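Given the coordinates of chain A, assemble chain B onto it according to the supplied hints.
Protein chains: 2
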Amino acid sequence: MEYLETLGQKAVAAKYELQKLSTEAKNGALQAVAAALVKETDRILAANQKDYEIAKQGGMAEGLLDRLKLTDARIEGMAEGLRQIVELYDPVGEVMETFDRPNGLHISKVRVPMGVIGIIYEARPNVTADAFGLCFKTGNAVILKGGKDAFYSNEAITEIIRETLCNRQILADAIQLITDNDRAVTTAFMQLKQYVDVLIPRGGAGLIRAVVENSTIPVIETGTGNCHIYVDEDADLEQAIPIIVNAKTQRIGVCNDCESLLVHEKIADRFLPALGEALKAKNVEMRGDRKVMTLIPDALEATEEDYGTEYLDYIISMKTVASVDEAVAHINKYNTRHSDAILTENTAHAETFLQGVDSACVYVNASTRFTDGFEFGFGAEIGISTQKLHARGPMGLKELTTYKYLIRGNGQIRK
Amino acid sequence: MEYLETLGQKAVAAKYELQKLSTEAKNGALQAVAAALVKETDRILAANQKDYEIAKQGGMAEGLLDRLKLTDARIEGMAEGLRQIVELYDPVGEVMETFDRPNGLHISKVRVPMGVIGIIYEARPNVTADAFGLCFKTGNAVILKGGKDAFYSNEAITEIIRETLCNRQILADAIQLITDNDRAVTTAFMQLKQYVDVLIPRGGAGLIRAVVENSTIPVIETGTGNCHIYVDEDADLEQAIPIIVNAKTQRIGVCNDCESLLVHEKIADRFLPALGEALKAKNVEMRGDRKVMTLIPDALEATEEDYGTEYLDYIISMKTVASVDEAVAHINKYNTRHSDAILTENTAHAETFLQGVDSACVYVNASTRFTDGFEFGFGAEIGISTQKLHARGPMGLKELTTYKYLIRGNGQIRK
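The listed protein sequences correspond, in order, to chains A and B. Using numbering that gives the first Met the number 0, the final residue of the first sequence is 414, and nothing's skipped along the way. Using numbering that gives the first Met the number 0, the final residue of the second sequence is 414, and nothing's skipped along the way.
Just chain A, with the same shape it has in the complex (with noise of 0.2 Å):
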């Protein structure tokens, strides 16, 4: 597709200035940015309610409506995050390792930006500036593409953007938009290996499966997250009903909420109808094996496929063991490689469980609705990877860079 091979063409251009770009530079140019969405507002909501609209009237669920909608705050919670992106550490040009070989090679291995970097995402507009900035900080170029429901928004936001650069002197084409809707691009956007780099999916299960059977650049997959607790019969059971309601509810709809709950059957007499009143009263949907039903009234019985479901709602599953290793092996079989939890006092049952699940972040005694970027500590996220391959966990601007062996040499030759 022409239209592509152009846009791709224009991000490797833009690649080879990003990289020469100072870390003074790419912060003085964020420092704009964040001004200049916050100065355009009205121009940004205007286009936001274009969106909104055509969503409305296309009978758009309220949640999603909610995702969709772009207030004042909203923006000026964008224009923030591109300010604390300019506050973080620039891992670019980091020298990582130096070696010299016996022949008087000298070899370092030194950070630098992926290059081209491919993000689709579904339809929450402030992705665009988010992705942008960390991108940017990184001396990447990328190109977007976003969901046709946040059409008209990632529009004003990425205009914003380039005119802002361009003002700097800094080539526009840091950020490009695939403003061509039909799905058929979509597909070859994922297939623009030439000139892409990397593909970041950003969204749900669907979207994500689509990007890695289609895609023939390297993926790094995000996203989805069965996530469990498991209930040693060690467990200090008072720590255990808050910690467990955290990570079921505190937030719903988001990838490190817990999905399954598995309990030791020793304590499930003491522990599950305690547990079953606490979830009862934030109106938790349970559904559970026999044991469980017995113990909580309210349970409905769980299928084989309600063990492998992500609810991303107020439902949760659960099941009684005999062991850490039956809990282990169970999780391994149904998780995500996500985030998993033991609640134990048990260290010899913690390591077990540590050792053994299989997942980007295993937890001891605390809710797994703490693996993020910021929970973590790197001051940003672009997503959490759930493959082994480069990057696991949460991705901040460390995780969007790669490296090359520089190697210095006074004229050797392989024997």
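Simulated from the structure, these hints should not be mistaken for laboratory data. Some hints could be false.
Since the list gives no way to pick one copy over another, a pair counts as held whenever it fits inside one copy or between any two copies.
[As the list claims (entries may be wrong)] DSS-like mimics (lysine-lysine), calculated; alpha carbons at most 30 Å apart, straight line:
(1) K281 / K414
(2) K332 / K192
(3) K265 / K19
(4) K279 / K38
(5) K108 / K332
Note that the structure is a prediction, hence the values are computed from the model and not measured.
Only chain B this time, still in chain A's reference frame:
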């Protein structure tokens, strides 16, 4: 496919056992496998003879027949490779980072095996033992799909490894060979995402393209190298000729050999005639632009296609350029992100080149042939990555691992 499902399930079962093995247990098994391969030399040679005869009858070219052929010495070489892996540092379990959060969470980032690694390779049977050794040392289960031309050899080597592991109470499924040579099985293997964490193709450009296009498993692209040397106006011309001859001819058919040469026009008159003589003496066919053809009478005319070709043969493309910037732009247009070199005594030109060239390995005053895990001092090599995700350049043991975050708390919930 039921066959692959079973294979995948067995590999997953093995991965959970392998990640628990101590370094001593892994080293002991590797030593035992090395001894078994030597002891069973006759059995391997008999299987290899079968492959060799089928290949010869099928009209396989001499060079490929030579790569397929095993001898006592080559089997001893495989065993020695495994013994060398025993000596290497085991990266699994290494604590890469620890940090404490203000809320009291203690986070550690720990190196862990990938899990299940898939390797698809062509007709060299020594890869079977080598890939097993590297994956096993890093606690990974491996599923191998070798070229059908080496089928009996690969099968014999795999069987000997499995028998040895079994005798040591280690799950034999640490190594599995796909024995169904149907192409549809190989394609389905590339989509065994539920069980395989990473897929590494080792072979020619066609194999790698097929894997990138068909795989839904994260892939590490390896191997294709259209490597350049740029002779700057400020090069030490006496040093330049041996470096170029080495990079082009020391070993033909490898990914880090030099395929294309750029020469600053200011030194072309002084340099090209002598270089032409040196390359001619090594039977290298030269294909250049007008200026090259004028200065080297034997040079043929280069087409646009030549500049993008990885010859893997006694052929080199040549071009004159007006500046280091032109050289960098040409290289970034035609290279495969593998290895490129500048020859210069001018520090500013060297820095421009090091910064500007988008390759895994960028050299100053040395042959590109050093891009190699052993030459870099890694002690082993599973391949040379030409992508930017995860690993770039030579990949040793560390690059066969990922990490996970272990988070220890005492009741933290998210506010």
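Here is what the structure says about each hint:
| no. | hint | in the structure |
| --- | --- | --- |
| 1 | K281 / K414 | between (72 Å within a copy, 16 Å between copies) |
| 2 | K332 / K192 | between (33 Å within a copy, 14 Å between copies) |
| 3 | K265 / K19 | between (62 Å within a copy, 27 Å between copies) |
| 4 | K279 / K38 | neither (46 Å within a copy, 67 Å between copies) |
| 5 | K108 / K332 | between (38 Å within a copy, 23 Å between copies) |
In this structure, only the earlier hint numbered 4 is contradicted, and the remaining ones agree with it.
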